[in-house]
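Model the full assembly from the supplied sequences, consistent with the hints where possible.
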Amino acid sequence: MVAAALLTVGLAVAVPGRPLAGLGLGGFDLRYSMQVRGVPVATVTLTVTPGEIDTTSRLVVSTDGLAALFGRHVTTMRATTGHDQRPLHFTARYEKPDRTRDLAVHWDEAGQVARAVEIRRGRERPSEVPPEALRDAVDPLTGVLQLRQWLADPATARGSEMTVALFDGRKRLDLEARRLEDRRIGAASLPTLEVRLVPVHGFDAGDDFVSWPDGPQRWFEVTVSADGRFAPVAVTEAGRALLTATHDCAEDACAPIHLP
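The sequence shown begins at 357 in my numbering and counts up by one.
Since the hints were made in silico from the structure, they are not lab data.
Please note: incorrect hints may appear among the correct ones.
What follows is a set of in silico ranges between Cβ atoms, one per label pair, in the way DEER data are often shown [as the list claims (entries may be wrong)]:
1) 452 <-> 510: 42 to 52 Å
2) 492 <-> 550: 19 to 29 Å
3) 543 <-> 517: 21 to 31 Å
Note that the structure is a prediction, hence the values are computed from the model and not measured.
Yeah, the Cβ is synthetic: ideal placement off N, Cα and C, and Gly gets one too.
Here it is in structure tokens:
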């Protein structure tokens, strides 16, 4: 969920009744490199495809390089989001060399979690997250769409803050974001946020990337594209790159992305 949450980080609260098509945001198909201390550890694919009725999103994280030396790990997430930015369906698969975990979440017409299960060896087990913690929670990929919409809204001024409740079927966290001054690159101004991930349920004390209330606060800076798509292009922490967009695959061929 970390990669999805980090991507979600840069993108905020839904504006009811304003579908993506109405905002002209469109979709995208991007590739990213995930790094730890400057060393590439995984390749990330994020695809968003708006339709007339709903939007489909897909995220794939696959370890490579030294991180895959002792076995490849693959995370796949898929989500269907309604025109009003409410989540409908979400599935996730976490594949490790010795086991596979599947998660499935469905929402009702009011946008509340109706069913959440973990599937192992064909057996379903209900989510252990308390129902009261799931109110208004959305999946990480729907969170990306909501964040894009928030950034695209002219009312979202510098210094605006928001919180998105994220749930992947097993873990619950709050994503807190604040819009910063745009990042100037030549003649372009790229929207920029700072965010942190606050664990709510399902996390262990040793989990990375989250900010515990009584521990060090980890703030990430997220930069999104200035081409009207509001697609995340870079995530950094204290100036160190964590996720960097490398290729735009919206066309027939994947064109390299050159970031400063």
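request  = Could you see if the CB distance from residue 492 to residue 550 stays within 19 to 29 Å?
outcome  = Given about 23 Å between the Cβ atoms, the range holds.
inquiry  = Quick check: does the Cβ-Cβ distance between residue 452 and residue 510 fall within 42 to 52 Å?
reply    = holds, 44 Å
Pairwise beta carbon distance, residue 543 to residue 517, judged against the given window 21 to 31 Å = Since the Cβ atoms of residue 543 and residue 517 sit about 29 Å apart, the hinted range of 21 to 31 Å holds.
The structure fails none of the hints (numbered hints given earlier).
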